[in-house]
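Based on the sequences and whatever the hints tell you, model everything.
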Amino acid sequence: MFRPTRPVAAALLGAAVLTTVTACGAAPDNAAAGTVGAKASASAADFGGMPALVEAAEKEGELNVIALPPDWANYGGIIKAFEAKYKIKVNSENPDAASADEIAAVKARKGQKRAPDVLDLGIAFARSGAAENLFAPYKVEAFDKIPAEQKDAQARWYNDYGGYVSIGCDAKRIKNCPQTFADLLKPEYKGKVALNGNPTKSGSAFGGVYAAALANKGTFGDIQPGIDYFAELKKRGNFIPVESTPATVEKGETPISIDWDYLNAGYADQFRGKGVDWKVAVPSDGVYAQYYSQAINKQAPHPAAARLWMEFLYSTEGQNLWLKGYARPVLLPVMTSGGTADKSFVAKLPQVEGTPTFPSSAELDKAKAVLAEKWDKALS
1 MFRPTRPVAA
11 ALLGAAVLTT
21 VTACGAAPDN
31 AAAGTVGAKA
41 SASAADFGGM
51 PALVEAAEKE
61 GELNVIALPP
71 DWANYGGIIK
81 AFEAKYKIKV
91 NSENPDAASA
101 DEIAAVKARK
111 GQKRAPDVLD
121 LGIAFARSGA
131 AENLFAPYKV
141 EAFDKIPAEQ
151 KDAQARWYND
161 YGGYVSIGCD
171 AKRIKNCPQT
181 FADLLKPEYK
191 GKVALNGNPT
201 KSGSAFGGVY
211 AAALANKGTF
221 GDIQPGIDYF
231 AELKKRGNFI
241 PVESTPATVE
251 KGETPISIDW
261 DYLNAGYADQ
271 FRGKGVDWKV
281 AVPSDGVYAQ
291 YYSQAINKQA
301 PHPAAARLWM
311 EFLYSTEGQN
321 LWLKGYARPV
331 LLPVMTSGGT
341 ADKSFVAKLP
351 QVEGTPTFPS
361 SAELDKAKAV
371 LAEKWDKALS
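Counting along the sequence shown from 1, when you hit position 193 you're at 193 in UniProt numbering, and nothing is skipped either side.
It is worth saying that the hints were derived from the structure and are not from the lab.
Hints are supplied without guarantee of correctness; some may be wrong.
[What the hints assert, rightly or not] In silico DSS-like pairs for lysine-lysine, Cα to Cα no more than 25 Å straight-line: (1) 274 with 145; (2) 348 with 274; (3) 217 with 190; (4) 186 with 110; (5) 139 with 110; (6) 59 with 113; (7) 274 with 175; (8) 139 with 107.
As structure tokens, then:
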């Protein structure tokens, strides 16, 4: 799971499994300070304002999150900052889970106190989860500042942070680090190329296949060339079925990793003193950018804390914490024009050329369906 680019490109982007379930009783919908119950609250105003929301959330005292690795887009720092600011303990479960696992947890633990309160999802999973009526509509105070194409009109999900598909490479183990998808087909990279998970479950791996499709005459409506590309990469012995993680990178098991640029850039910092010279390149032949989306479980056991978490993520403080993790926050254009974006973090974003474009909901749904049907067979 990975990170993003440089001032102009950043502004462009901004514009544009489970553990065993135990039986627990359903959590009550504690009434907030306002007249609307927490689970029915669609904005901080429904609580009577932010102070009342904070009071209700701190009364709950806990927040359940899932699939949030501490080294992914600075989630470790974000969780610590949230706990320090509010009297709320964050229970982080299964940090290496994929988007599909999050959806499964919501369904399997409906009505239980162990259910996830909030979700961080690849966009295809955010849209499918909304279609299944799994999420609670809620408008954060910054909702109107989020571009229309980056949010659900009913506020069931909205994009938060994102980046570009990139190629990470350990220059101490690889003589010539690849710069493009075409490079990855070369014999010198045999047994060295990995993805961050299975694209039928992982948003980052899904992005990797989409980018490969674009690099091989595919389109947002046709991801098949990306599947064919990885089948060929495996046939040549270059692609290995090992999920790239910080541990596999440090050990040299995945010396080349296709992942989000914000994650790869984070690895460069993380392993600089550990004998890993991690280089990051956004492939010019397959430029693909994507945001991750936030959503609130409709049956969240801590509904007020869930809403306060969302407010924190979309605050200036929260958005700058994404930037610190090399991820491009969705409100970066607004913050740049308003002078609230941390310029030191913006300056460190990886370089990208061109203006990113994004697939439509129908194109994402089609790509997801094609992957589910053909990926395993093509890579078996």
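Here is what the structure says about each hint:
Of the supplied pair hints, the one linking residue 274 and residue 145 is violated, its CA atoms being roughly 41 Å apart against a limit of 25 Å. Straight-line distance between C-alpha atoms of residue 348 and residue 274 comes to about 21 Å, which keeps the hinted pair within the 25 Å bound. Distance check on the hinted pair: residue 217 and residue 190 sit about 24 Å apart at the alpha-carbon level, within 25 Å; holds. Distance check on the hinted pair: residue 186 and residue 110 sit about 48 Å apart at the alpha-carbon level, beyond 25 Å; violated.
Taken as a hint, the residue 139 and residue 110 pair is honoured in the structure, with Cα atoms around 23 Å apart against an allowance of 25 Å. Between residue 59 and residue 113, the direct Cα distance comes to roughly 15 Å. Compliance with the 25 Å bound is thereby established for this hinted pair. Restraint check for residue 274 and residue 175: the C-alpha separation of about 18 Å stays at or below 25 Å, so the hint holds. With a C-alpha separation of about 23 Å, the suggested pairing of residue 139 with residue 107 holds against the 25 Å cut-off.
Hints 1, 4 from the list above are not met by this structure, while the remaining hints are.
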